[in-house]
Amino acid sequence: MTKDLILALVVVTALGFDFTNGFHDTGNAMATSIATGALGPRTAVALSGVLNLVGAFLSLSVAATIASGLVQTHLVTVTVVFAGLAGGIIWNLLTWLLGIPSSSSHALIGGVIGATIAAAGGHAVKWHGLVSKVIIPAGLSPVIALLIAATGTWLIYRISRNISNASRTHGFRLGQIGSASMVSLAHGTNDAQKTMGVITLALIANGTLASGSKAPFWVILTCALAISLGTYVGGWRVIRTLGKGLVEIESPQGMAAESASAAVILLSSHFGYSLSTTHVATGSILGVGVGKKGAEVRWNVAGRMATAWLFTLPIAAVVGAGSYGLAHVIGGLAGVIVDFVILIGIAGGIYLRSRKTAVSAHNVNDEWTGTVAPSEPEPAGV
Amino acid sequence: MSTTSGPGRSLRPSQNPQGSDGDKGENVNSWINLTALWQIVVVGLLAGAGLPALFAVGLRALNTPGSRVQTAGAGAAGGMTGTDTESGRVYGGNPMGLAIGVLCFAIVLAAIGYGIYLIVAGT
Numbered sequence: 001m002t003k004d005l006i007l008a009l010v011v012v013t014a015l016g017f018d019f020t021n022g023f024h025d026t027g028n029a030m031a032t033s034i035a036t037g038a039l040g041p042r043t044a045v046a047l048s049g050v051l052n053l054v055g056a057f058l059s060l061s062v063a064a065t066i067a068s069g070l071v072q073t074h075l076v077t078v079t080v081v082f083a084g085l086a087g088g089i090i091w092n093l094l095t096w097l098l099g100i101p102s103s104s105s106h107a108l109i110g111g112v113i114g115a116t117i118a119a120a121g122g123h124a125v126k127w128h129g130l131v132s133k134v135i136i137p138a139g140l141s142p143v144i145a146l147l148i149a150a151t152g153t154w155l156i157y158r159i160s161r162n163i164s165n166a167s168r169t170h171g172f173r174l175g176q177i178g179s180a181s182m183v184s185l186a187h188g189t190n191d192a193q194k195t196m197g198v199i200t201l202a203l204i205a206n207g208t209l210a211s212g213s214k215a216p217f218w219v220i221l222t223c224a225l226a227i228s229l230g231t232y233v234g235g236w237r238v239i240r241t242l243g244k245g246l247v248e249i250e251s252p253q254g255m256a257a258e259s260a261s262a263a264v265i266l267l268s269s270h271f272g273y274s275l276s277t278t279h280v281a282t283g284s285i286l287g288v289g290v291g292k293k294g295a296e297v298r299w300n301v302a303g304r305m306a307t308a309w310l311f312t313l314p315i316a317a318v319v320g321a322g323s324y325g326l327a328h329v330i331g332g333l334a335g336v337i338v339d340f341v342i343l344i345g346i347a348g349g350i351y352l353r354s355r356k357t358a359v360s361a362h363n364v365n366d367e368w369t370g371t372v373a374p375s376e377p378e379p380a381g382v
Numbered sequence: 001m002s003t004t005s006g007p008g009r010s011l012r013p014s015q016n017p018q019g020s021d022g023d024k025g026e027n028v029n030s031w032i033n034l035t036a037l038w039q040i041v042v043v044g045l046l047a048g049a050g051l052p053a054l055f056a057v058g059l060r061a062l063n064t065p066g067s068r069v070q071t072a073g074a075g076a077a078g079g080m081t082g083t084d085t086e087s088g089r090v091y092g093g094n095p096m097g098l099a100i101g102v103l104c105f106a107i108v109l110a111a112i113g114y115g116i117y118l119i120v121a122g123t
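Keeping their order, the protein sequence lines are chains A and B.
Residues 1 to 382 in this note's numbering are what the first sequence lists, from first letter to last.
Residues 1 to 123 in this note's numbering are what the second sequence lists, from first letter to last.
Honestly, the hints are just simulated from the structure, not real lab data.
Note that the structure is a prediction, hence the values are computed from the model and not measured.
For glycine and all other residues, C-beta sits at the position ideal for the given N, C-alpha and C.
Please note that a few of the clues may not be correct.
[Claimed, not checked] Listed below are the simulated SDA-like cross-link pairs for lysine to any residue, each with C-alpha atoms no more than 20 Å apart in a straight line: (1) A:Lys133 to B:Leu37; (2) A:Lys133 to B:Trp31; (3) A:Lys293 to A:Arg161; (4) A:Lys133 to B:Trp38; (5) A:Lys133 to B:Leu34; (6) A:Lys214 to A:Gln72; (7) A:Lys133 to B:Ile32; (8) A:Lys133 to A:Thr73; (9) A:Lys126 to B:Ile32; (10) A:Lys133 to B:Ser30; (11) A:Lys133 to B:Thr35; (12) A:Lys214 to A:Ser68; (13) A:Lys133 to B:Gln39; (14) A:Lys356 to A:Ile346.
[Said to hold, decoys possible] If we take Cβ atoms under 8 Å as the criterion, some of the chain A residues that face chain B in the derived model are: (15) Ser59; (16) Leu155; (17) Ile156; (18) Ile159; (19) Ile163; (20) Ser167; (21) Arg168; (22) Gly175; (23) Gly178; (24) Met182; (25) Ala186; (26) Ala256; (27) Ala263; (28) Leu266.
[What the hints assert, rightly or not] Calculated from the model, a selection of chain A residues having no Cβ within reach of chain B, i.e. all distances over 12 Å: (29) Ile117; (30) Gly212; (31) Glu296; (32) Ile344; (33) Thr369.
Go ahead and model the full structure; you've got the sequences and the hints to work with.
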């Protein structure tokens, strides 16, 4: 009974994480389309939400992949999974508040690793796997995406330089919508699976499923819905930073960025790397700034992001470890419930704080003035 | 040998980490899969930069100079309305450009279709 209640809390928390993953990452696919006006903000998030839903169902070979290869899975308990998720959620919400695109995958991995260390010690972590599967790809992927996007942008502008502005904008807006849709689809396939894997891991740790089982259908369905709903809600703060903060984007650049992102994400998952969509998308957007003559790239904004990326794993790990420690000291169901209440409290606090400088569909495209929220005081919208 | 298939499995794991290409530089490969890396870069450039470039070629072909109203298009750049007349003019103006354009877009669409196929089948 107690075990089942803890498990239920873990599943709810995992779906909550999946939701934050969705709205944190809407911008990866749609920020450029929203910034260039290829799609209205509301249309863009709706389209991305639907494609994430479809993407989550496209590939059903789901296993507990997120943790295997990174930690000794037999040492992972349900409480460890819970604490790891708490670390991931808090990091996601904090970075969202600051409008910093950061990797939800890293937040989750960091949280789970921190909780595992707190529970079983450092030997429970497969450090080699962590470096070769997570850290090195994370360092390389934005650079590769930047290179591809810059090349694409340069080629596009060169080839299309004789076309009238109106035809060019119109044509590339269509191309932008197509390529952004591919990124949304790939995101649904990659990221929804991560949460499916985590819930499956918890079910296995609880003894509900046999070791090595695949995700049951209800897990796939609820995860798909959670990430899709999160995407639809739209992380406007992150969308704004990606679409307006880094580079002023025109539609040809938008298409170049999303094509580069889609190519890198799909190719990498083909080779078994589950990259951070966020790192790739940011690299691509910087690339289209580098590739177009005279475009202004705000490297200070990019630097702020890169700093956040460096801290994602450690801070999520510290929160995950702390969360495990607290649950462990109190013990049993009560410990997890206390954690859960604190998590809800922090999440609520961050949400209320975000209302003071709300960013939403109506002001997401306002002129970039160096801050996440547009500087002019806005009556809080929805 | 064949009779010890059960315990034999425990003798084999040395084969597993090698994978399909264990010949070269195992030390480096254990940290970075260089084979995957260069393929991601090269194929990524072809798909991620090449396809948008091809799309641009298609757009340019559809807008090939030679149609006399072309310059008026630049004048009307401010307004996004009238795309129908605009494209009608272009199609009428240059059938060769139309053919090249359609071919380019067809290749781009086929590549997207292949990408979706990879998502569905490749995992």
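Now the hints, each set against the structure:
no. : hint                 : result
1   : A:Lys133 to B:Leu37  : 13 Å, holds
2   : A:Lys133 to B:Trp31  : 8 Å, holds
3   : A:Lys293 to A:Arg161 : 12 Å, holds
4   : A:Lys133 to B:Trp38  : 16 Å, holds
5   : A:Lys133 to B:Leu34  : 13 Å, holds
6   : A:Lys214 to A:Gln72  : 18 Å, holds
7   : A:Lys133 to B:Ile32  : 9 Å, holds
8   : A:Lys133 to A:Thr73  : 16 Å, holds
9   : A:Lys126 to B:Ile32  : 16 Å, holds
10  : A:Lys133 to B:Ser30  : 10 Å, holds
11  : A:Lys133 to B:Thr35  : 15 Å, holds
12  : A:Lys214 to A:Ser68  : 13 Å, holds
13  : A:Lys133 to B:Gln39  : 17 Å, holds
14  : A:Lys356 to A:Ile346 : 16 Å, holds
15  : Ser59                : 4 Å, holds
16  : Leu155               : 4 Å, holds
17  : Ile156               : 5 Å, holds
18  : Ile159               : 4 Å, holds
19  : Ile163               : 5 Å, holds
20  : Ser167               : 5 Å, holds
21  : Arg168               : 7 Å, holds
22  : Gly175               : 5 Å, holds
23  : Gly178               : 7 Å, holds
24  : Met182               : 6 Å, holds
25  : Ala186               : 7 Å, holds
26  : Ala256               : 5 Å, holds
27  : Ala263               : 3 Å, holds
28  : Leu266               : 6 Å, holds
29  : Ile117               : 22 Å, holds
30  : Gly212               : 15 Å, holds
31  : Glu296               : 22 Å, holds
32  : Ile344               : 34 Å, holds
33  : Thr369               : 27 Å, holds
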